[in-house]
Amino acid sequence: MSTSAGEKVPLPTVNEVEGLEKTEDLVSFLRTQRLRLEDKHFNVFYEQEVDGEAFLRLNVDKLIAHPYKLPGGPAEKISGLIEKIKGEGQ
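If you're matching positions, the sequence shown starts at 6 in my numbering and goes up one per residue.
Rather than coming from a laboratory, the hints here were simulated on the basis of the structure. Beta carbons: idealized from backbone N, C-alpha and C, even for Gly. Each hint should be verified, as a subset may be incorrect.
[Stated by the list, open to error] Okay, the calculated beta carbon distance ranges per label pair:
#: 1; residue 1: His71; residue 2: Pro15; range: 30 to 40 angstroms
#: 2; residue 1: Val14; residue 2: His71; range: 24 to 34 angstroms
#: 3; residue 1: Lys67; residue 2: Glu26; range: 25 to 35 angstroms
#: 4; residue 1: Arg62; residue 2: Leu40; range: 16 to 26 angstroms
#: 5; residue 1: Glu21; residue 2: Asn64; range: 17 to 27 angstroms
#: 6; residue 1: Arg36; residue 2: Arg62; range: 28 to 38 angstroms
#: 7; residue 1: Gly85; residue 2: Glu58; range: 16 to 26 angstroms
#: 8; residue 1: Gly85; residue 2: Glu21; range: 12 to 22 angstroms
#: 9; residue 1: Arg39; residue 2: Gly77; range: 28 to 38 angstroms
#: 10; residue 1: Asn64; residue 2: Glu43; range: 13 to 23 angstroms
#: 11; residue 1: Thr37; residue 2: Ala59; range: 28 to 38 angstroms
#: 12; residue 1: Gly92; residue 2: Lys67; range: 25 to 35 angstroms
#: 13; residue 1: Glu52; residue 2: Gly78; range: 32 to 42 angstroms
#: 14; residue 1: His71; residue 2: Asp44; range: 16 to 26 angstroms
[What the hints assert, rightly or not] Heads up, simulated DMTMM-like pairs for lysine to aspartate or glutamate below, C-alpha to C-alpha not over 20 angstroms straight-line:
#: 15; residue 1: Lys45; residue 2: Glu23
#: 16; residue 1: Lys74; residue 2: Glu54
#: 17; residue 1: Lys91; residue 2: Asp30
Turn these sequences into a full structure, and let the hints steer you where they fit.
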């Protein structure tokens with residue numbers, strides 16, 4: 006499915022995200038979400054071996070603290086995405 010620049014990419018369900026068993030699958034998904042994150046932000050997920058299930062347990066407080074230590078902006082964007090997924094997946 007192709008999307009134009011103005012189209013919203015549909016969010017996956019909670020079960021679909023939990024099914025992302027490899028970090029590379031999670032990062033590939035995150036890259037489709039237009040969060041304007043940099044490779045250094047994605048690298049944190051590789052370093053911490055975050056899969057879909059672990060991703061859904063993250064929040065801003067966890068993302069800005071050790072071991073993630075993301076800047077506030079990216080942490081807010083990621084946390085907002087997690088909240089949207091959880092809201093639409095229930």
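Open item on the list: Check whether the Cα positions of Lys45 and Glu23 lie no farther apart than 20 angstroms.
Closed with: 23 angstroms, violated
TODO: Confirm or reject the claim that Gly92 and Lys67 have a C-beta distance inside 25 to 35 angstroms.
DONE: Once the Cβ atoms are compared, 19 angstroms apart, the range 25 to 35 angstroms for Lys67 and Gly92 is violated.
Open item on the list: Hinted pair, alpha-carbon criterion (20 angstroms max): Lys91, Asp30. Please report holds or violated.
Closed with: 18 angstroms, holds
TODO: Mind checking the alpha carbons of Lys74 and Glu54 for me, to see if they're no more than 20 angstroms apart?
DONE: OK: Lys74 and Glu54 at ~15 angstroms, within 20 angstroms.
Open item on the list: Taking the Cβ atom of Glu21 and the Cβ atom of Asn64, is their distance within the range 17 to 27 angstroms?
Closed with: Holds: the Cβ-Cβ distance is about 20 angstroms, inside 17 to 27 angstroms.
Task: Range hint compliance [Cβ, Asn64 to Glu43, 13 to 23 angstroms] - done: 21 angstroms, holds
Task: Range agreement (Cβ of Pro15 with Cβ of His71, hint 30 to 40 angstroms) - done: Given a distance of about 34 angstroms, which is inside 30 to 40 angstroms, the answer is holds.
Open item on the list: Given a hint of 16 to 26 angstroms, does the C-beta separation of Arg62 and Leu40 actually sit inside it?
Closed with: For Arg62 and Leu40 the Cβ distance comes to about 18 angstroms; the hint holds.
- [ ] Given the hint of 28 to 38 angstroms, check if Thr37 and Ala59 actually sit that far apart at their C-beta atoms.
- [x] Given range 28 to 38 angstroms: violated, Cβ gap about 19 angstroms.
- [ ] For His71 and Asp44, compare the CB-CB distance with the range 16 to 26 angstroms and indicate the outcome.
- [x] The hint (16 to 26 angstroms, Cβ to Cβ) holds, given that His71 and Asp44 are roughly 21 angstroms apart.
- [ ] Determine whether the Cβ-Cβ distance between Glu52 and Gly78 falls within the hinted range of 32 to 42 angstroms.
- [x] Given about 19 angstroms between the Cβ atoms, the range is violated.
Task: Verdict for Gly85, Glu21 (Cβ pair) under range 12 to 22 angstroms - done: 18 angstroms, holds
Hint compliance for this structure: hints 3, 6, 9, 11, 12, 13, 15 are broken, all remaining hints hold.
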